[in-house]
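Colleague: Chains as they are written, first to last, in this note's numbering: chain A, 1 to 311; chain B, 1 to 447.
Part of the chain A face toward chain B, derived, beta carbon under 10 Å:
hint, residue
1, T51
2, Q52
3, I53
4, L79
5, P80
6, G84
7, L98
8, L101
9, Q142
10, A145
11, T146
12, I155
Simulated pairs of lysine-lysine, BS3-like, Cα-Cα distance not exceeding 27 Å:
hint, chain 1, residue 1, chain 2, residue 2
13, B, K9, A, K90
14, B, K19, A, K90
15, B, K9, A, K112
16, A, K87, B, K9
17, A, K87, B, K18
18, A, K123, A, K112
19, B, K18, A, K135
20, A, K220, A, K29
21, B, K18, A, K88
22, B, K221, A, K152
23, A, K257, A, K297
24, A, K90, B, K221
25, B, K18, A, K128
26, A, K87, B, K432
27, A, K172, A, K213
28, A, K181, A, K123
29, A, K213, A, K297
30, A, K114, B, K9
31, B, K19, A, K128
32, A, K128, B, K9
33, A, K87, B, K19
34, B, K19, A, K88
35, A, K123, A, K172
Everything labelled a hint here was simulated from the structure, so no lab data went into it.
Don't be surprised by glycine CBs; every beta carbon is placed ideally from N, CA and C.
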Amino acid sequence: MPNILEVHDVVKQYASHRALDGVSLNVPKGSIFGLLGPNGAGKTSLIRIITQITAPDEGYVLLDGERLRPEHIQHIGYLPEERGLYKKMKVGEQLLYLAQLKGLSEREAMEKLKIWFKKFDIKTWWTKSIEDLSKGMQQKIQFVATVMHEPKLIILDEPFSGFDPINANLIKDEILELRDKGTTIIFSTHRMESVEELCDHIALIHKSQVILKGSKKEVKDQFKEHSYSVRYHGTLESLPADFDIISHKIDDEQLNKANIRLIGDASVNALVGNLISQVELVSFHENIPSFNDIFIKAVGGEIPEEMTSLQ
Amino acid sequence: MRNIFLVLKREYLVRVRKKSFIVMTLLTPVLIAAFYGIIIWAAVGSFNNERKTIQVIDESGLFKNKFKSDANTTFEFISGPVASAQRKLKDKEQNLLVFIPSDIMTRPKGLQIYAAKNIGPMQQNRIEKIVQQELRNIKLSQAGITQQVIEEANMNVDAQTFSLNDEGKTQSSSTIAAYVAGYAAAFLLYIFILIYGAGVMQGVMEEKSNRIIEVIISSVKPFHLMMGKILGVAAVGLTQFLLWGILTFGVTTATQTLFGFNRFTATQEVLNKQAEQADPELKKEMEKSQSSTLNTVNRFMESAQSLPLTQIFICFIFYFLGGYLLYSSLYAAIGASVENQQEAGQFTFPIMLPIIASIFFAQLSINQPDGSLAFWTSMIPFTSPVVMMARIPFGVPAWEIALSMVLLVMGFVGTTWLAARIYRIGILMYGKKVNYKELSKWIFYKG
Chain A
1 MPNILEVHDV VKQYASHRAL DGVSLNVPKG SIFGLLGPNG AGKTSLIRII TQITAPDEGY
61 VLLDGERLRP EHIQHIGYLP EERGLYKKMK VGEQLLYLAQ LKGLSEREAM EKLKIWFKKF
121 DIKTWWTKSI EDLSKGMQQK IQFVATVMHE PKLIILDEPF SGFDPINANL IKDEILELRD
181 KGTTIIFSTH RMESVEELCD HIALIHKSQV ILKGSKKEVK DQFKEHSYSV RYHGTLESLP
241 ADFDIISHKI DDEQLNKANI RLIGDASVNA LVGNLISQVE LVSFHENIPS FNDIFIKAVG
301 GEIPEEMTSL Q
Chain B
1 MRNIFLVLKR EYLVRVRKKS FIVMTLLTPV LIAAFYGIII WAAVGSFNNE RKTIQVIDES
61 GLFKNKFKSD ANTTFEFISG PVASAQRKLK DKEQNLLVFI PSDIMTRPKG LQIYAAKNIG
121 PMQQNRIEKI VQQELRNIKL SQAGITQQVI EEANMNVDAQ TFSLNDEGKT QSSSTIAAYV
181 AGYAAAFLLY IFILIYGAGV MQGVMEEKSN RIIEVIISSV KPFHLMMGKI LGVAAVGLTQ
241 FLLWGILTFG VTTATQTLFG FNRFTATQEV LNKQAEQADP ELKKEMEKSQ SSTLNTVNRF
301 MESAQSLPLT QIFICFIFYF LGGYLLYSSL YAAIGASVEN QQEAGQFTFP IMLPIIASIF
361 FAQLSINQPD GSLAFWTSMI PFTSPVVMMA RIPFGVPAWE IALSMVLLVM GFVGTTWLAA
421 RIYRIGILMY GKKVNYKELS KWIFYKG
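Throw the hints in and build the complete structure from the sequences for me.
Modeller: Shown next, in the form of structure tokens:
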């Protein structure tokens with residue numbers, strides 16, 4: 001899959017601290033790319049470089065294989081985390097203005113907006129002032145402003161903050177629809193459940209550096225501990241030394257529940273074989289780390305045992 | 001360029017459609033017209049005042065017939081103790097009592113004026129003048145100068161001033177008209193720069209606190225956004241200025257046509273009516289003063305026409321734009337650096353200082369339009385717009401205007417550059433209290 005965006009060894013130095021320190025990452029075309037990291041890691045600095053709000057001190061960024069140029073601005077849609085609109089301006093006028101700043105002509109902007117207003121069923125809002133809309137309504141307008149010029153690359157910084165579940169779902173569906181149409185979406189967040197749900201690639205930035213990147217599967221494989229969750233009736237006497245029982249307890253349904261780790265080259269089949277000879281198996285599945293675990297582990301050191309065992 | 005224009009257009013339309021703009025634009029000419037009206041009314045009305053009686057107790061006996069009654073005041077010589085006259089004064093409120101002691105010649109400070117209420121400075125001045133004049137006459141005649149010489153020496157000097165134009169012809173110059181025009185232009189410019197400069201700052205602060213800035217700035221370069229805003233507000237200023245001009249002219253013309261009179265003929269009519277009522281003795285006196293009043297008015301009108309109006313107008317537009325650009329870019333930089341009005345205060349003060357100083361320099365320069373203070377302050381870009389506008393009606397050499405304009409252009413290019421450097425960092429900076437040291441660092445930040 002070709003990359004729509006390539007970031008090469010980008011360095012950004014502010015007076016006293018280095019916001020980005022040799023950051024490189026690739027965003028494949030048509031993906032939903034999770035840009036993760038704790039507060040202050042450098043996500044916003046990187047986004048500001050991609051959106052050409054600031055320029056990198058070192059390194060460079062390619063959009064569709066070309067070095068960033070001012071004309072690229074119209075191919076990018078950006079929804080910042082701290083967002084706002086002109087409060088006194090009418091919804092329609094405001095969107096027309098923002099669309100024109102993105103390079104659309106007034107007529108093009110009008111046509112595109114009509115489609116969105118129909119889609120979101122918000123035609124009656126056209127002549128309302130922003131300040132007369134609820135916060136959720138304003139967020140919708142803001143989303144329309146981000147995507148109306150049909151950019152190739154959309155950058156959403158914490159897009160679901162402030163949305164009620166209904167609107168959050170609406171936006172989520174829109175994001176998926178845009179992706180299916182071939183738009184690439186960079187999704188900056190620290191809400192891991194939405195990363196789990198939407199992203200197919202991620203990069204984790206911590207202390208100004210990329211500490212983890214790749215497709216969802218690659219990253220998860222990297223953090224897999226080869227442990228399996230088993231539920232069964234009966235008593236598990238003992239297992240060969242290849243298998244380590246990390247935890248054991250009796251769950252609400254009076255079933256035994258154990259987490260077993262494979263050591264070395266031990267095979268899953270051997271484990272299953274050992275188990276069925278001793279107990280009556282109810283369920284068996286591999287423990288796959290959640291992004292939440294991965295995030296905490298990568299950023300904050302070891303994940304507490306409790307968290308893995310809950311899988 | 002397209003983006004600057006888009007920002008400009010939005011800025012202009014939003015501001016021009018604001019209720020406050022419409023109200024201010026419509027109301028100001030009405031206020032000016034009303035102000036005019038009050039002046040005319042006051043001028044005309046003063047002739048209709050009730051007559052005042054001023055009683056004079058002249059112990060010295062020197063002032064018989066020296067206080068001449070006129071249309072508004074009657075002087076009445078009485079005798080008798082001051083105390084009883086004072087008691088009478090209480091009953092008739094309008095009257096004044098003048099007491100001239102017998103030793104007035106040797107002790108001129110002994111003159112006393114009593115009133116039931118306060119004594120107006122005009123009245124006091126008038127009475128003092130009469131006494132002073134008379135005392136001087138007496139002294140002069142004691143020194144052997146005849147009454148005739150004294151009268152002849154009382155010449156009324158009223159200079160007509162001329163300025164030499166380029167062709168060496170004399171032109172009736174217009175000190176009063178130039179004074180009025182210069183002061184009005186300077187003051188208008190001062191107000192415009194202050195109001196619209198602060199307007200730019202408000203606009204920038206609004207965008208920053210709204211957080212729309214980050215959305216906008218991902219589509220528009222900070223410099224383009226800043227310039228669009230500054231130029232948009234300038235266009236609003238020019239619109240307001242032009243509308244005021246048109247409306248003031250319209251209202252004035254309408255009023256004149258509606259009431260079918262011209263304010264000068266009105267004044268004359270009142271004067272004529274006054275003259276008819278007055279004693280024949282006074283009539284001559286009044287006609288004389290009236291003709292001199294009309295003369296002054298006519299000369300003022302004539303000289304106002306001799307003012308280089310086109311030049312004043314063009315220079316006004318130029319200096320408004322130049323001065324406004326110089327200051328508003330600094331205001332924009334402040335708006336971008338702070339997060340609320342209170343914080344803005346500490347930074348706006350040093351910017352307002354030269355603006356306020358310039359109106360002060362303008363006042364001084366009007367009295368000495370060719371002095372060196374006037375020259376230098378009309379060259380320094382921070383004061384030149386206001387000071388130069390005050391000087392131009394008096395006639396300023398072309399090279400001085402040209403130099404001042406070039407310096408002003410350099411000045412605003414400089415401040416705009418400086419402001420843009422601060423602006424681009426400031427608009428994205430939140431939660432940090434800025435000071436001058438911080439601001440100066442921003443200037444040297446890389447893109």
